[in-house]
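Chains as they are written, first to last, in numbering that gives the first Met the number 0: chain A, 0 to 158; chain B, 0 to 158; chain C, 0 to 158.
I should point out that these hints are in silico values taken from the structure, not numbers from a laboratory.
Computed from a prediction, not measured in an experiment: that's the story for all the values here.
Only true hints are included.
Identical copies carry no separate label here, and so any pair may be met within one copy or between two of them.
Each computed DMTMM-like pair below joins lysine to aspartate or glutamate, with the alpha-carbon atoms no more than 20 Å apart: (1) K88 / D124; (2) K5 / D151; (3) K4 / E150; (4) K79 / E61; (5) K5 / D148; (6) K49 / E61; (7) K4 / D148; (8) K70 / E104; (9) K5 / E150; (10) K96 / E61; (11) K130 / D50; (12) K95 / E61; (13) K96 / D124; (14) K91 / E61; (15) K92 / D124; (16) K79 / D124.
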Amino acid sequence: MSETKKTNIILFSGDYDKAMAAYIIANGAAAYDHEVTIFHTFWGLNALRKDGDVEAQKGFLEKMFGKMMPKGADKLGLSKMNMAGMGPKMIKKVMKKHNAQTVPELIEMAQMQDINLVACTMTMDLLGFQKQELLDDITYAGVAAYLADAEDGNVNLFI
Amino acid sequence: MSETKKTNIILFSGDYDKAMAAYIIANGAAAYDHEVTIFHTFWGLNALRKDGDVEAQKGFLEKMFGKMMPKGADKLGLSKMNMAGMGPKMIKKVMKKHNAQTVPELIEMAQMQDINLVACTMTMDLLGFQKQELLDDITYAGVAAYLADAEDGNVNLFI
Amino acid sequence: MSETKKTNIILFSGDYDKAMAAYIIANGAAAYDHEVTIFHTFWGLNALRKDGDVEAQKGFLEKMFGKMMPKGADKLGLSKMNMAGMGPKMIKKVMKKHNAQTVPELIEMAQMQDINLVACTMTMDLLGFQKQELLDDITYAGVAAYLADAEDGNVNLFI
Numbered sequence: 000m001s002e003t004k005k006t007n008i009i010l011f012s013g014d015y016d017k018a019m020a021a022y023i024i025a026n027g028a029a030a031y032d033h034e035v036t037i038f039h040t041f042w043g044l045n046a047l048r049k050d051g052d053v054e055a056q057k058g059f060l061e062k063m064f065g066k067m068m069p070k071g072a073d074k075l076g077l078s079k080m081n082m083a084g085m086g087p088k089m090i091k092k093v094m095k096k097h098n099a100q101t102v103p104e105l106i107e108m109a110q111m112q113d114i115n116l117v118a119c120t121m122t123m124d125l126l127g128f129q130k131q132e133l134l135d136d137i138t139y140a141g142v143a144a145y146l147a148d149a150e151d152g153n154v155n156l157f158i
Numbered sequence: 000m001s002e003t004k005k006t007n008i009i010l011f012s013g014d015y016d017k018a019m020a021a022y023i024i025a026n027g028a029a030a031y032d033h034e035v036t037i038f039h040t041f042w043g044l045n046a047l048r049k050d051g052d053v054e055a056q057k058g059f060l061e062k063m064f065g066k067m068m069p070k071g072a073d074k075l076g077l078s079k080m081n082m083a084g085m086g087p088k089m090i091k092k093v094m095k096k097h098n099a100q101t102v103p104e105l106i107e108m109a110q111m112q113d114i115n116l117v118a119c120t121m122t123m124d125l126l127g128f129q130k131q132e133l134l135d136d137i138t139y140a141g142v143a144a145y146l147a148d149a150e151d152g153n154v155n156l157f158i
Numbered sequence: 000m001s002e003t004k005k006t007n008i009i010l011f012s013g014d015y016d017k018a019m020a021a022y023i024i025a026n027g028a029a030a031y032d033h034e035v036t037i038f039h040t041f042w043g044l045n046a047l048r049k050d051g052d053v054e055a056q057k058g059f060l061e062k063m064f065g066k067m068m069p070k071g072a073d074k075l076g077l078s079k080m081n082m083a084g085m086g087p088k089m090i091k092k093v094m095k096k097h098n099a100q101t102v103p104e105l106i107e108m109a110q111m112q113d114i115n116l117v118a119c120t121m122t123m124d125l126l127g128f129q130k131q132e133l134l135d136d137i138t139y140a141g142v143a144a145y146l147a148d149a150e151d152g153n154v155n156l157f158i
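Chain A on its own, in the form it takes in the complex:
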């Protein structure tokens, strides 16, 4: 009788702290048996990038975007007090001290909990991301798929 609750998060931001918030909420919701989707769009796609260089054929602008944007969750900056990269280091230090999970660890946990990690194909196209540059076992979809999930969602957030 009881329907599954649904949490749908759009991760638009490419900030470490916002990705952390998104994944903490998502993992919490999954632990409470919600069906959870994180729809990564625009700068949020950076959280799904593989660390290191990946072979990909690109145009000039796409190559530039690719070089300027952080490669993977561990490289993201902060939305506040980034201070040319010092902020993320400080945050990671206190996180370690308090045994808080890092964003890469939170993403791994999300995958283990079967959270649906979606990469927005429209912005992949726009920013020149190719599938081989992103994490394995993610889904590719557009705004129509997001809306189909969100219109029955209990918790819909734009982060």
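Start from chain A and add chains B and C according to the hints.
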């Protein structure tokens, strides 16, 4: 029998990329027969400004705000990698290459799809915006109207 | 028969304008008899800080965070046009002129309307905030409590 679904977006941000995300979701939802409202508040009002100079009687501070803020959707900056205006130019170049719609085009489409574009009267007052400075055929309302829409909303987002 | 409507706002941002938007929506919703919760996390905790110095035993990193972050709602910066603090002054001037409520006044009103102001214990721990540094009569909770509220929420926003 089936009720119309509702999508209500608060556009608080004055960034080109966030306005783009808001209008893509809104236009998508309208295409799926949602009743859609975009409530423009604070910097989000800039997306509704008319291009070019408009006659308006204002106090000194309001004039300054008016001069410092972007005039219309095409002039908005980026939330990330704005790089003194170079970022928006790059984004617009890749958008053109990929035939993606610009924000002014997305707004036009929203109006054709009868999406309710609302300007928040409280922040208009605060930032010194007058009706003749904003696009035609929009609605003027406050937080009470927003809440009346949102409390029955299926998808409520703050962007 | 009619159930109480619920509004749940996550205040992640430490910006004056975003805190203002959050508290205006929250106070509006409370006026329309919603059960309202504002869950303050990350930089949003700064809005709950007491003005002035509070005795607290802290480690070095926590002390630094504490010094660098704004002490209380009145000290927050703007998300746009902060201009090294000039923006907030301008905004406060026009707010005074238009008799708009300041954020500290909006928080006071929220407390009078029995809005549930929650401080996220996980980020308090991370950023080194102690209870004596935050306003009186607030609640302390984590993501599980947020989700329990939000999964039945009518209006859920991440600000």
